[in-house]
Amino acid sequence: MTGHHRKTSVAALSAALAMSFAVGTAKAEDTIKVGILHSLSGTMAISETTLKDAMLMLIEEQNKKGGVLGKKLEAVVVDPASDWPLFAEKARELIEKDKVAAVFGCWTSVSRKSVLPVFEELNGLLFYPVQYEGEESQRNVFYTGAAPNQQAVPAVDYLMDVEGVERWVLAGTDYVYPRTTNKILEAYLQSKGVAPEDIMINYTPFGHSDWQTIVADIKTFGSAGKKTAVVSTINGDANVPFYKELANQGIKAEDIPVVAFSVGEEELAGLDTAPLVGHLAAWNYFQSVDTDANAEFIDAWHAFIGDESRVTNDPMEAHFIGFNMWVEAVEKAGTTDPDAVIDSIVGVSVPNLTGGYSAMMPNHHITKPVLIGEIQEDGQFEVVWETSGLVVGDEWSDYLPDSRPLIADWRAPMSCGNFNTETGKCGGKGVD
Amino acid sequence: MRLAGPLTFAVAIILSLAGVAHSQEKPLREIVNSFAEARNFNQTEEIVAELGATGDPAVVPVLRALSEGDLHVRKSDNQVFIVSGRGKTLTIIDPLTGEMVGEEGKRALSKIRVNNGLRRLIRDTIGGLALGSPDPAARLRAARTLISNPDASSLPAIEAALEKETDPEVAAGMMRARAAAILVSERPDAEKSEAITAVAAISTQDALSLLLGFRGQATGELREQVDRAIARVERVQSYWAMAQNVWYGLSLGSVLLLAAIGLAITFGVMGVINMAHGEMVMIGAYVTFVVQEIIRTSAPWLFDWSLAIALPLAFLTAGAIGYALERGIIRFLYGRPLETLLATWGVSLILQQAVRTIFGPTNREVGSPSWMSGAFEIGQLTITWNRLYIVLFALAVFAVLLFVLNRTSFGLQMRAVTQNRRMAAAMGIRTPRVDAMTFALGSGVAGLAGVALSQIDNVSPNLGQGYIIDSFMVVVFGGVGNLWGTFVGALTLGIANKFLEPYAGAVLGKILVLVFIILFIQKRPRGLFALKGRAVEA
Amino acid sequence: MISGYLARNGLEGRIIATIVLILAAGVAVPVSNLVLDPSHPLHVPTYIVALLGKYLTYALLALALDLVWGFCGILSLGHGAFFALGGYAMGMYLMRQIGTRGVYGNPVMPDFMVFLNWKELPWYWHGFDQFWFAMVMVALVPGMLAFVFGWFAFRSRVTGVYLSIITQAMTYALMLAFFRNDMGFGGNNGLTDFKDILGFDVQADTTRAALFAASAVALAIGVIITARITGSHFGKLMIASRDAESRTRFLGYRPEMVKLFAFTVSAVMAGVAGALYVPQVGIINPGEFAPANSIEVVVWTAVGGRGTIIGPIIGALLVNGGKSWFTGVLPEFWLFALGGLFVFVTLFLPKGIVGTLQDHIGRRREKRQAEKAEEAEAASAAEPTPVGAE
Amino acid sequence: MVERAGTILYLDGVSVAFDGFKAIQNLSFVLKRGEMRAIIGPNGAGKTTMMDIVTGKTRPDEGDVYFNGTIDLTRHDEADIATLGIGRKFQKPTVFESLTVADNLSLALAAPRDVFSVLFARESSGRARRIDEILEIVRLGHRREHVAANLSHGQKQWLEIGMLLAQDPKLLLVDEPVAGMTDAETEETARLLREIAATHSVVVVEHDMHFVRELDVKVTCLHEGSVLSEGSLDHVSSDKRVIEVYLGR
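Protein chains in written order, with my numbering: chain A, 336 to 767; chain B, 4 to 541; chain C, 6 to 395; chain D, 154 to 402.
Only chain A is shown next, with the shape it has when bound in the complex (with noise of 0.2 Å):
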């Protein structure tokens, strides 16, 4: 018997290898590789699968386009299947031995700064496509999702102007995103003369699914007789059981809207949309949008995926622009060489998909239109508002007192992700 395991085990192992080599083969020596690094599995496959997808259509139409530098891209795909130090050594993976030209992956913060120093000692290039907290510039990094300036404070001041919010609660899963967020945005309202006891924070554990206490907190708090918005940065699956609550305990938008930063159609695909008419989010793209680049690759998404049922988000977006700006830059610098792309990357310009375009920056961030949606009953946006023109993403903070005369700039003379102008010094790393 074990004789025989043995032999179907042999057999398995080398249909494997076997696939794994045939895979090795049909690699021609002409292609330019990139990196996907996106979980596939564990907590994080639910957003992050998506992206995979996205980045494969992507690819493949670059391909159809003749490929870049008339070579043709090749994407190599791995699994750090929802494990932050797993994230380093997959990223380690793809540039050591795969030698790709560039990485487009990570969601959650933590699988960035884990693959952070790997991308800094090995001179790689890692497109970075969420929202995130800021408070970061590093030199092999582009941050393709939006700065807390270009999402957060946006929605608040459409919630104060437009709909006369007074009354605030920050609502938040405990990670560093929604803290930093929350930490901007109370400095911002007390800027603009909100006062302390007109703002509550509160945060939950990842995966939170027990709301009734905190929306019943939220409903008390909000009848103070001042207009009231709940401003939430909770994370992922904990969005589903909140809106739920939200809806069963009666709490509708026009009596307190709730804007949110991390649920876009996504999300919203896993909820019954119907009571939850009128919250917000706040974005930088919804599938809404109407554009005709927009329906063009909607249109090629649901062509690629043979769903059309599926959606696009933002982050989706994001690496569009993301590797839109790439394949420019390679073409520019005409190598796929990390410093040479650096070089050449700031000052690029692609179209987005809300009918723009989106510039990359010195500070490694882009420019962004930031939209305000409405959910609607067929689980979509409908834009109510948005700014006039676009957005430079601000790494550093106005706001947090340490972060305030920190500035990045990665071009030649000052190439500095943290130069303070108090002392005019690089704060970090770099010229001394």
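If you're looking for bench data, these hints aren't it; they were derived computationally from the structure.
Ideal Cβ placement from N, Cα and C applies to all residues, glycine included.
Certain hints may be false.
[As the list claims (entries may be wrong)] Below, in silico cross-link-like pairs of lysine-lysine (DSBU-like), each with a Cα-Cα straight-line distance of 30 Å or less:
| hint | chain 1 | residue 1 | chain 2 | residue 2 |
| --- | --- | --- | --- | --- |
| 1 | B | LYS114 | B | LYS78 |
| 2 | C | LYS372 | A | LYS760 |
| 3 | C | LYS124 | A | LYS527 |
| 4 | C | LYS356 | D | LYS245 |
| 5 | C | LYS377 | D | LYS245 |
| 6 | B | LYS526 | D | LYS393 |
| 7 | C | LYS377 | A | LYS434 |
| 8 | D | LYS245 | C | LYS372 |
[What the hints assert, rightly or not] Beyond 12 Å from chain B on every Cβ pair, some chain A residues (computed):
| hint | residue |
| --- | --- |
| 9 | ALA635 |
| 10 | ILE677 |
| 11 | VAL685 |
| 12 | GLY690 |
Take the given structure of chain A and dock chains B, C and D to it, following the hints.
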């Protein structure tokens, strides 16, 4: 713009109460059709105000449709219609007569956009119109709205309505609305003093915030009176808060009970550490999703029955998987409980990934039937229907299981096998079959839990993971081998969690509960309801 | 030379061979990485060094678990907690070493404290700027936790499944606690962005090589400690209390003390493994406390063969190697493979790979012995001696 | 009643109940130093529970339990009691299955029992010799290095008796030592126990009347947790109540 709301609202009320027929200056239909010209929210707002000013109840369906996003403009002729239906073609309905006009492609129509401000205005306008409604229930609702959103300018309208009111209950509601409005008005102190008493008698959160708001401007005797009233309302509120916490605790406890009760059978009775228990719950939730999906596409009228249909299917599906699991893996591992842990952990990974492969990694939408949506109030206790049904469902499942275990021959066989396998076998009980059926029962119950949990949580491949540790805690805390222990354990932990949460926060509360369980197990290593006796130690 | 020393100290040949092999790898891999040209067929790329270094720390963790589970019968589902605590102690040292090179250039406080507006370093962070202090904590914190936890649990005679589940509760509670930003350990992001260790750049190839060698040495020491404990009279007592706890009591032993000792030693080993893990992967965060991680350690040990010394090491290397390989080659299917492996091993290799092999060899020897015994028995039956007649 | 001094085991008015079931009721039992006693009684008579009480596994609800006339056993736990000098053989033979026969005995040998003494203990030649002696007594010499799990049922019984001897207790509690043994083995066991009784105090619980007869000692018959009859085997077996509840008519 913020001023416009209450003002037009008041006008609307006065007009409607005066029984003025809609203004003849402009026919209603013309105003309705002018929505087609609105270029932004402000213009839409003006039209709503205009409609409200007509005081004609016929505008109510139009406004309601606008608020719900069902008011569309036909692009070809700028006519405004109410639409219904989903998909590419929509049924169009005349906004004023309510007659079906025909069908129109989605692309030929454009939706009149609304935002929260508009929805608020529409709600207030409809509310005002309703104060003169022939339906007493509608009048009462309108009065309640006015208590929550008091406005001095509506005072004359309320008083006018009050004079005509014949229904005593509605009249009481209007008295309160009047008192609330007086507090924010410029009326003399004597009236305000009366109003304070009336508002304090309401004792709700709204009343409290009204009084707190008034406190700032009150002086002298009024100030003292309002302070007393506030203290009184706060006291009442704290009692209700206590009751509310108990309810939250029961509701959380019932969720824990549902999640754990299947485990109480597989783990508690059979001694199998089933780490795939959470995945059985997940499968139940996915069965619900599939049922709803089929109903949505082929029999939408059955939607309210979807959960009832899903229940037996979830039980059978999860039960069948449990049966297969027992026959295929677990039966080889009896007597090695810690190894069942490893094998079932492997099974849980496989099931998770299988569901991820079949249904995709994202959350799937499971809707709530209408009878499970919303909430009702007992006094100031807000009880959401879905939580109430889950509590009842958990109790029912528990009762049925108790019955099965204690009153049926299968239950007797099960207990016999658990207590003395060899003896049971010698008496002719087919122990392997009983094992498999017991495991299937435990898994099936987990599937039932999945149907219920689909109503409050994500339906995603990770669903089960969130409950597995809690379930084990409940079973171990309650005492293995005892369903009552699981029952008491679940409710105790639920209530403890909810009483800790307001003071310690959600995370610390949970940590404290875990530490408490760890310490408790030291004190009573076999749980709350341990079977005492000369337990034969191996 | 080493083997001679070990042999003099009463270790089995197989164990000695293992130790020599580990130490040889500890020398060969770094040397090949540093000395050989990258084009050389025997060159080990840095990424493999980092990977293998990580596996070695996992192997030490699995060995630590094996000491309590395989030899003492305590199935801890919370060993990841000790590993993580050791890791955090090391991480705190590494954070303090960043000094002014953090993004805000604050000489004392780590970045995450600066941007959350912490005014001063929390008291429990003091001392971690000293390497020796951090190393003491690496052993002391997991050891103390294990001691206190075990003191209560074993004295109350919490055993079997109950013990497993409360160890799981322990690591789960710690995970929730460390996720809290208010705890001052960086919340979900944990501790990262390390610069140097003892003045050496953590990213330098030489540092990596040294860390790899240190991990190999630590694992070898772990093997020696485990072998010495399990091979001694005490080891027999451990096995005795694993198989028939109450019987040892009636012989006058206190099995709870036996378990407590083993549990504490094991926790310290796990802590050391964690401390070596952190500088090699560059991050420590509360995810390490996740109950699933601890269960995975159990699986490595089970796959390799619990109750043996070599088993857990082989299990850890094999499963993690497989995981690295599968997540690269067949990312969508690795969970199927991992899950299938668990089921396969528990059903068909209940003693793990090494245990099964040992059984195989053991059975043959037993058979020979049994034959001999039968002969002897036949002989003794032939000429009966009165029992106790001396 | 009886003076405690001079007794090795003294139980007076002991009662214990589990969930309302009275396992032992007002039991009094006295064993003199150097005495061997056989206990008989139907299932559920409380024989094993009595042993549990003496060895500290179960605490009595009321009553006195003294060892050696002066030591109150209710204040000590199992390990203490074992170190005081009470050895116990279980009804079901309980040996350490994955250890060798020699290791089983080695663990039982009298020596300091605390963790650190054990940790740094060395196998001395004196201990090895003592193990050999015991192996000789229990006729397991040829099985010295075998794993205990592979022993036959009877051999396990003997190994456990060997472990008792290695422990060198003052009082031995032996629960059904001949269950599952052949007649020849039973006789040898009886001889072995008599041998041991020459230097130790012994309590034997047994159903096998033939074996009890072989032992030729005073017999106590328990029923429903109290002493039903006590005296020589002939006296007890002719007691009507004993016949009624136990021996059968």
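Taking the hints in turn, this is what the structure says about them:
1. B:LYS114 <-> B:LYS78: holds (10 Å)
2. C:LYS372 <-> A:LYS760: Judged against 30 Å, a Cα distance of about 78 Å means the pair is violated.
3. C:LYS124 <-> A:LYS527: Satisfied, since the Cα-Cα distance of roughly 24 Å is no more than 30 Å.
4. C:LYS356 <-> D:LYS245: holds (26 Å)
5. C:LYS377 <-> D:LYS245: holds (28 Å)
6. B:LYS526 <-> D:LYS393: The hint is violated at about 47 Å.
7. C:LYS377 <-> A:LYS434: violated (63 Å)
8. D:LYS245 <-> C:LYS372: holds (27 Å)
9. ALA635: At about 19 Å from chain B, ALA635 of chain A clears the 12 Å cut-off, so the statement holds.
10. ILE677: The claim stands: ILE677 of chain A keeps its Cβ more than 12 Å from every Cβ of chain B (closest is about 33 Å).
11. VAL685: At about 28 Å from chain B, VAL685 of chain A clears the 12 Å cut-off, so the statement holds.
12. GLY690: holds (18 Å)
Consistency with the previously given hints fails for numbers 2, 6, 7, ordered from lowest to highest.
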